[in-house]
Structures are given as structure tokens and as C-alpha cells.
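From first to last, the protein sequence lines are chains A and B.
Start counting the first sequence at 1; every next residue gets the next number (my numbering).
Start counting the second sequence at 1; every next residue gets the next number (my numbering).
Derived from the structure by calculation, the hints contain no laboratory data.
Treat the hints with caution; some may be incorrect.
Unchecked claim - Calculated Cβ distances over 12 Å to all of chain B for the following chain A residues:
1) Leu5
2) Ile65
3) Ile115
4) Leu210
5) Val220
6) Met253
7) Asp305
To be verified - To be clear about the criterion: a stretch of chain B counts as covered by chain A if any three or more of its residues have a C-beta under 8 Å from a C-beta of chain A, and this derived list gives those stretches:
8) 23-34
9) 185-198
10) 307-314
11) 378-388
12) 459-468
To be verified - Straight-line Cα separation of at most 30 Å, DSS-like style, residue types lysine-lysine; simulated pairs:
13) Lys229(B) - Lys230(A)
14) Lys229(B) - Lys123(A)
15) Lys130(A) - Lys230(A)
Just so it is clear, the structure is predicted and the values come from calculations on it, not from any experiment.
All C-beta atoms, glycine included, are put in the ideal place defined by N, C-alpha and C.
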Amino acid sequence: MAFRLKLVPDHTTFDFFKHQWATFGFSVVLVVASVIISLVMGLNFGIDFKGGTTIRTESTTPLDIASYRGVLQPLNMGDVAITEVFDPNFREDQHVASIRVQAQDGDEAITPEVIGQIEAALKTVDPEVKFISTESVGPKVSGELIWTAIWSILGATAAILIYVWLRFEWQFAVGAVAALVHDVTVTVGIFSLFQIKFDLTIIAALLTILGYSINDTVVVFDRLRENLIKYKTMPLRDVMNISVNETLARTVMTSGTTLIALIALLILGGDVIRGFVFAMTWGVVVGTYSSVYVAKNIVLFLGVDRDKKPVDPSAKFFTEGAADADN
Amino acid sequence: MLQIPLWKRVVIIGLCLLGLAMAAPNLFYPRVEAHNDAVKAFTESGAMTDTQAAAKAGWPDWLPSGLVNLGLDLRGGAHLLAEVKVAEVYKARMDSLWPEARKALAAERATIGAVRRAPSPDDELRIQIGEPSQIARAVEIARTLASPVVTLTGVGQNDIEVTGQGDTIVIRLSEAERLATDDRTMQQSLEIVRRRVDAAGTREPTIVRQGTDRILIEVPGIGSAAELKALIGTTAKLTFQPVISRGSNPDANPGTGNEILPAADEQGIYYVLDKVPVVTGDELTDARPDTDQNGYPAVAFRFNATGARAFGDYTANHIGEPFAIVLDGKVISAPTIQSHIAGGSGIITGRFSVQEATDLALLLRAGALPAGMTFLEERTIGPELGQDSIDAGRVAAMVGLAAVVAFMIASYGLFGVFASTALLINIALIFGFMSMISATLTLPGIAGIVLTMGTAVDANVLVFERIREEMRSAKGPARAIELGYEKAMSAIVDANVTTFITGLILFVLGAGPVRGFAVTLLIGIVTSVFTAIWVTRLMVSLWFARRRPKQLVL
Numbered sequence: 001m002a003f004r005l006k007l008v009p010d011h012t013t014f015d016f017f018k019h020q021w022a023t024f025g026f027s028v029v030l031v032v033a034s035v036i037i038s039l040v041m042g043l044n045f046g047i048d049f050k051g052g053t054t055i056r057t058e059s060t061t062p063l064d065i066a067s068y069r070g071v072l073q074p075l076n077m078g079d080v081a082i083t084e085v086f087d088p089n090f091r092e093d094q095h096v097a098s099i100r101v102q103a104q105d106g107d108e109a110i111t112p113e114v115i116g117q118i119e120a121a122l123k124t125v126d127p128e129v130k131f132i133s134t135e136s137v138g139p140k141v142s143g144e145l146i147w148t149a150i151w152s153i154l155g156a157t158a159a160i161l162i163y164v165w166l167r168f169e170w171q172f173a174v175g176a177v178a179a180l181v182h183d184v185t186v187t188v189g190i191f192s193l194f195q196i197k198f199d200l201t202i203i204a205a206l207l208t209i210l211g212y213s214i215n216d217t218v219v220v221f222d223r224l225r226e227n228l229i230k231y232k233t234m235p236l237r238d239v240m241n242i243s244v245n246e247t248l249a250r251t252v253m254t255s256g257t258t259l260i261a262l263i264a265l266l267i268l269g270g271d272v273i274r275g276f277v278f279a280m281t282w283g284v285v286v287g288t289y290s291s292v293y294v295a296k297n298i299v300l301f302l303g304v305d306r307d308k309k310p311v312d313p314s315a316k317f318f319t320e321g322a323a324d325a326d327n
Numbered sequence: 001m002l003q004i005p006l007w008k009r010v011v012i013i014g015l016c017l018l019g020l021a022m023a024a025p026n027l028f029y030p031r032v033e034a035h036n037d038a039v040k041a042f043t044e045s046g047a048m049t050d051t052q053a054a055a056k057a058g059w060p061d062w063l064p065s066g067l068v069n070l071g072l073d074l075r076g077g078a079h080l081l082a083e084v085k086v087a088e089v090y091k092a093r094m095d096s097l098w099p100e101a102r103k104a105l106a107a108e109r110a111t112i113g114a115v116r117r118a119p120s121p122d123d124e125l126r127i128q129i130g131e132p133s134q135i136a137r138a139v140e141i142a143r144t145l146a147s148p149v150v151t152l153t154g155v156g157q158n159d160i161e162v163t164g165q166g167d168t169i170v171i172r173l174s175e176a177e178r179l180a181t182d183d184r185t186m187q188q189s190l191e192i193v194r195r196r197v198d199a200a201g202t203r204e205p206t207i208v209r210q211g212t213d214r215i216l217i218e219v220p221g222i223g224s225a226a227e228l229k230a231l232i233g234t235t236a237k238l239t240f241q242p243v244i245s246r247g248s249n250p251d252a253n254p255g256t257g258n259e260i261l262p263a264a265d266e267q268g269i270y271y272v273l274d275k276v277p278v279v280t281g282d283e284l285t286d287a288r289p290d291t292d293q294n295g296y297p298a299v300a301f302r303f304n305a306t307g308a309r310a311f312g313d314y315t316a317n318h319i320g321e322p323f324a325i326v327l328d329g330k331v332i333s334a335p336t337i338q339s340h341i342a343g344g345s346g347i348i349t350g351r352f353s354v355q356e357a358t359d360l361a362l363l364l365r366a367g368a369l370p371a372g373m374t375f376l377e378e379r380t381i382g383p384e385l386g387q388d389s390i391d392a393g394r395v396a397a398m399v400g401l402a403a404v405v406a407f408m409i410a411s412y413g414l415f416g417v418f419a420s421t422a423l424l425i426n427i428a429l430i431f432g433f434m435s436m437i438s439a440t441l442t443l444p445g446i447a448g449i450v451l452t453m454g455t456a457v458d459a460n461v462l463v464f465e466r467i468r469e470e471m472r473s474a475k476g477p478a479r480a481i482e483l484g485y486e487k488a489m490s491a492i493v494d495a496n497v498t499t500f501i502t503g504l505i506l507f508v509l510g511a512g513p514v515r516g517f518a519v520t521l522l523i524g525i526v527t528s529v530f531t532a533i534w535v536t537r538l539m540v541s542l543w544f545a546r547r548r549p550k551q552l553v554l
């Protein structure tokens, strides 16, 4: 027999729901903690949501943040945040800083004059400095972007709820959506905890997490639906355990390949999208966890109405379509 | 059995080859881009320079030459979100209505008394009359100024609403007319911005309307957003206004209905002008650089019919009086009307250099923006940052791909090779499809492709794991493979439909880089389902037909 890497043995009989209260409780604690952290510490909103300007500078000489701050202070632009950016991809003599200036009163977007002042001031410290990118968002747009972000998350969740409800049972839909809420909150929580910049791309990442998490959840649900027909009299808990065990190898493989690809991107993809990739990487881990311990736990609590014939006509349609294709 | 009918095989292989062919130009990006630019220049101007000819020869004409567009974050450039102050146009409309209304009401002065324009908000015209008791009559006269709105939705409505309040007639634009006006303002602004950006000759600018009153402008390769703003010109309004007086005090009281504006090139000189222009730049049909009778640079212009009539009437009645040519709130020149200027053409003289005259002519020809703009969002991305991002993204994608392939082969052996081949085809298909529809690749889009690599194998994993399970229940290998595909199908469909939903929402609500991400994600889902279900199955079936293994090693 050829060698095969098997992360999961052929046949597993883990009891995933042995500690259902503990695991579910843990998830609830995570969610509550995330909400509290987000409320107390707040999110490190990027200019997309807060308005203001970020300027990315690059220089061949090492940075001196303090002197940057020193020359920008007299300009009286309110809150100015200067951070040095590090990345393994940078060349030896590549020193990058990110400067964030709050939205100026009365201006929809920062004026070229203000940017000119900042640039002139920084040139006095380091004549070699280059301005790699300048982004400015006015308070009007940033306010709207917040709403767009919220709407897109709610819209995606609602759409998934409806789809899962139509394809499965309402209990499954509730479980799936609870898992999504869990994933989003916990991700927002970790962004708040580490004060990672939260901007529009993070919203894209959150939506991707929704997509990934539901993907995982649905695959197990699909197997559960199949097994509910196969083992008509077995207690729900056992059927669910069988289903999760049967799909375990797939869950581990898919999470594995996705994580491998994402980790490569996290390390090598550059600092510009690091926050975005971090959110997705974190989301894959959380999403995999939640599809068992949140979505399935809830289905287990709610129970499934097994008297009704759980055969979904469309499911049948798809398998038939596949069979036809073989002829 | 595992047999796939010939026509299906042909279609699958054909689609893969097509995708590969479409994706191929992206491997030679700079060369193909130079070729495309040269071809474009040739079709536009009909001539080529030697370098262009060389660039054109650099890529054979018969090969596909579609490329994915690189987004601003990868190529560098400027992004602006502008809000058009559509309400400014209402004010202009109200201002231009006043002389007409005054004329109509003055004819009935005997009954309604003296007529005076009262202060009002920008979008209203308020006229006070001397005899408040006759307000109904005055309103009736004012209503005769209305004309029907010509839009699909505004049928049967008039363009203005006239009401009487005490001794004041209030005229405002009707709702239907406002909508129609806004729409016209936006169309006009879009067109002017497009023409000005095109005139600068940058590559593939994006200029689209967003919402009711916004314009999104993305121009790759431009130095900065400030440069782009200068190019668009925040305000570039040309008007011809009657001159009341000339002086040197900027704070003098101009009197009602008048305004005070500085001279463009004489320090300390100010003109008091009638606020209501005789003609505006909107009515220009042509402008070109010219010289005046002394041989100095000047700009010759021509009005359209209404402009020509208004200009002709005015000059006929005001011979010997000065009138001002005002550009962007500055008086360029204030010549004295020598004679009746009929036919609607003339020249603008000022102290222009040849370059200034040429620029002004261009500006006038492109037309003035009908209303001012505020910039709500602006981003400049330097080309270095874009190149760094491309390099980093490329390295990360290669490493990620290699790792996924290694992992798949280690886990599934030969079947892992099948899945990996399908994965490579999948990536080629994504690029091929994006090139075909000229979709834009952004930095998050690269992340989307990397993510797709991870999830694209999912469908295969579902199938392979299912085949392993079916093998355990001791069916023959052919039956196990068949059942594996069959039973994994509903999970594959469900999993991908849900992901597709979120991608779709991202596409609809997202903008810029995020939308780029959504595009790659959506295309990736479609191609990955295709490659996982059809391409690997074809490979498995071909392999199976040739080897006829008694036992399946998976």
C-alpha cells in the first residue's frame, strides 16, 4: 500500500457532544467576552469608518517616530497616530511608517494643502522620505460605509438563514445562523483585543468567514440529513455524532488546505493585506469550531422533527442530476 | 458506469483549453499590454511610431490578448469620490427665471403694483408685489411661465410650482423637474469629467455615477489625487455678465442682484457685475485658440442658437457698455461692446500666452461643470506600493499553491495529483475568465484566489472522502467512485451556493478592492465546482478506463 498522510484515521468514534453544555457554554462565554471587549476597548477603526487621512511613507534611512511626531505636532491637526510598519518582505533599507490624521473639522476630505504641510514637515526630518500612498475619507462617506458594512453582514446572514431553511429544517437554519453570529462576534472581539486596524477589507473578510463557516456547517448538515433517513430510530445525539465523525476527515482536510494557503499569504503576502488575511485565517479556525460546537449543539437542543419525511426534493434532484451525468 | 460521453469530454477539454488560452497573455503582461496599447493607438490615429510598431510585433495578433485589469491598489493611481452639488443648478435656474418673471409681472404693474425680488433660499424665487390683494392674479401670471416636464415619470407635471404667501409669490422647481434636473446635471458632469480625464490620455479610467449625486473616478497611473482634481477642475464656469462698475474696493456694497469679482490679471481691480449672466458657457458650441487684431493670442468662440440670440440682443441694446467674461469667479476681460454682435461668435481677448489661450479653448470646449463638486474620498496609491503588493502576492500564491499540492498528493496519492491538476486548471480558468470580461484584479482579489486554492480542493476532498467510505462497504472500485461522486454532490452544491450568496452580497455592496475580491471569489466558486466535478472526474474516468484497477488505492 502506498503511503498516505492521514490526519484523521479511517474510522473515528469521538463523542463530540459528550460535553455539550461545557462546549456550548464556552462558546457563549467567548461571544459575551467578545462583546464586552469590543464595547470596553472599542475597535481600532481605520479611516474607512472614522474618516481622516492615512499617509504611508517609505525611506531608506531608519525611522525616528519621535521626530516625526515632533514636526507634526505644531501643525495642530488633532489626533495624529504614527506607527512603524514591519514586514518580512521589506528590503534591508526599507523603512515604512503609517501616519494617520483625524478628519479635520469642516472638511469633507482632507485638503491638498494639509497633505502638503504634512509632507513638507516630514521632509525636514528626512529629506529622503517618499510618500507611497495617501488615502483620505470624509466623515460623510465613512458614516455611510459603516452602514453598508452592517447591512452587508445582516443581508448575508439573512440570505443564508433563508437558504438553509429551505434546503433543510428550521432548526438547522437557527443553528447555522447562531454559528455565524458566533464567528462574527468572536472575530470582532479579537480585533478589539489586539487593536488591529478595522477597515472595509475586514468586513469583506467577515463575509468570507460567513461563507466559509456556513460551508462547513452545511456539509455536516447534509450528512446529518442523510443519516437521519438511514438510522431512523437511533437517538438524535448518536446520529449527529456519526455524521460529524464521518465528515471529520473532510473537515480537517479542507480546513487544512485552506489554512495552508492562508498562512502562506499571512506570512508572505505583505503588510497591506495582513489584517484582512489574519481575519480570514482566524475565521477558518473559528468557523470550523463553531460548525460543530455551536451549530450542531443548537440543533441538538432544538431537536429535529423526525416524523416528517426529511427528504428534500431538491436534494434528490441534485443527486439524480449527478447520476444522469454518468450515463 | 464511469463512462463520460464523447461530446461531454470534448466540451470539458475544450473549456479547459479555452481558459488556458485566455489566461496565457497574463504571463507576458508587460509585452501584451504594450501590444494592446500600440494596437489601440493605431486604430485611433492610424499611424504608429517605431517603438509602437515594435511593441505591436512583440505579441502575435492572432493570439488572445485580453488581460486582467490591475486595480488601483496594484497598479498605483488615484481614486476620487466626488459629490456634485446638484442644488446649485436650482439656484441658477431660479436666477435665470427672474428676468422673465419680472418682465411678465411688470406688464401688469397697473393691477399688481411694483415688483421686487425678495431674499430667498437658493432653490426658490420670491417676488414681492406692491398690491397684496392681487396676489392671486400675480400667481396666475407667474404660472404662465411654467412648461411641462419632459420625462417618463413626470408626465403631466409642470417644471415649476407657484404659490402665493401674503404679498409674495414663491416659485420653486417641482419634484419631477428637480429629479429631471439632477439627472441632467449628473449626466453632464459625468460627460465633462470623462472628457477631461480622457484628454489627459491615461489608461482605462473608471468614471461611474454612484447613487443619486456622486461620481466615482479611478485613474490608474496618475501621480496623485490632487493632480486628478486639478485635471477635473473643481469649478470651471464661464459666464458673460453685464458690468455695473469697476473699482478697487473688494468690500464695496455691490447692491442687490449684483456681485463683486476680482480681475484675473490686474491686481487690486474689482468689478461689480450683474449676477444674472447674459450667456453662460453651457451655450458654447465651439472654442479654439486664435489671435486678436493685434496678433495677440485670443480664444474664438461660437454660441448655439439660444446663446447667439441672447448675446445678439444684449449687444444690440448695450453698445458702448462694458461686459465681463468671467471664468471661475474671476473676470478674464471686460471689453466694451463696439457693435451689435450677431451670429453668436466672437473672440475673448485677455493677456493670454499662446499656451493659456490653447488651455482655455480646451476648457471651454470640454464645457463647464454644471455644478461644483466636493470630494468625499480620495486615495493615492504609489506605483511602488502596487508593485510590492504584486510581488508579495505572487510569492505567497506560489508557496500556498505548492503547499496545497504537496498536502493533497501526500493525502490522496494519484487522486491528489488529479485534484492538483484540476486546481492548476482552476486558477488558469479564473484568470482566463477575468481576462475575457476584463475584470479587475485587486490585492484582496489575490487573497481571494489564494483562498480559492484552499477551498477549491474542498469539492474534491468531499468526493474522495466519500469514495473512501464507499470502498469500506466493499463495493467494487468503479461503483465506489461512482457513488462517491453521486453522494457528495448535494453537499458540494449546498456548500458552494451558500458561499456564492455571501460573494454576491459582497459584490453588490462592496466597492473598489472589496468588489475585486468578490469578483475573484465568485468566479473562483464557479470554476472550482466545474474543475472539481467535471475535470477531475474526466481524469479519473480516463485513468480508470485505461488501468481497470481491481483495487482502489486512495
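Checked hints:
Its closest Cβ contact with chain B, about 4 Å, brings Leu5(A) to no more than 12 Å, contrary to its assignment away from the interface. Chain B leaves Ile65(A) outside its interface by the beta-carbon criterion, the shortest separation being 20 Å against a cut-off of 12 Å. With 12 Å as the threshold on Cβ separation, the claim that Ile115(A) sits away from chain B is violated: the shortest Cβ distance comes to roughly 7 Å. Not every CB of chain B is more than 12 Å from the CB of Leu210(A) (nearest about 5 Å), against its label as outside the interface.
The Cβ of Val220(A) sits about 9 Å from the closest Cβ of chain B, inside the 12 Å cut-off, so the non-interface label is violated. Under the 12 Å C-beta cut-off, the non-interface status given to Met253(A) relative to chain B is violated; the minimum distance is some 5 Å. The beta carbon of Asp305(A) is kept farther than 12 Å from every beta carbon of chain B, the shortest such distance being approximately 20 Å. Counting residues of the stretch 23-34 of chain B whose beta-carbon sits less than 8 Å from any beta-carbon of chain A gives 0, not enough to reach three: the coverage restraint is violated.
Beta-carbon proximity to chain A at under 8 Å applies to 0 residues in the stretch 185-198 of chain B; the threshold of 3 is not reached and the given coverage is violated. For a cut-off of 8 Å, the count of residues in the stretch 307-314 of chain B with a CB near a CB of chain A stands at 0, and the three-residue condition is violated. Check on the stretch 378-388 of chain B: 8 of its residues sit with their Cβ under 8 Å from a Cβ of chain A, so the three-residue criterion for coverage holds. Note: the stretch 459-468 of chain B has 4 residues with beta-carbon separation from chain A under 8 Å; the three-residue rule is met and the coverage holds.
Distance check on the hinted pair: Lys229(B) and Lys230(A) sit about 67 Å apart at the alpha-carbon level, beyond 30 Å; violated. Proximity of Lys229(B) to Lys123(A) is assessed by CA-CA distance (about 24 Å); at most 30 Å being required, the pair is judged to hold. With a C-alpha separation of about 67 Å, the suggested pair Lys130(A) and Lys230(A) falls outside the 30 Å cut-off, and the hint is violated.
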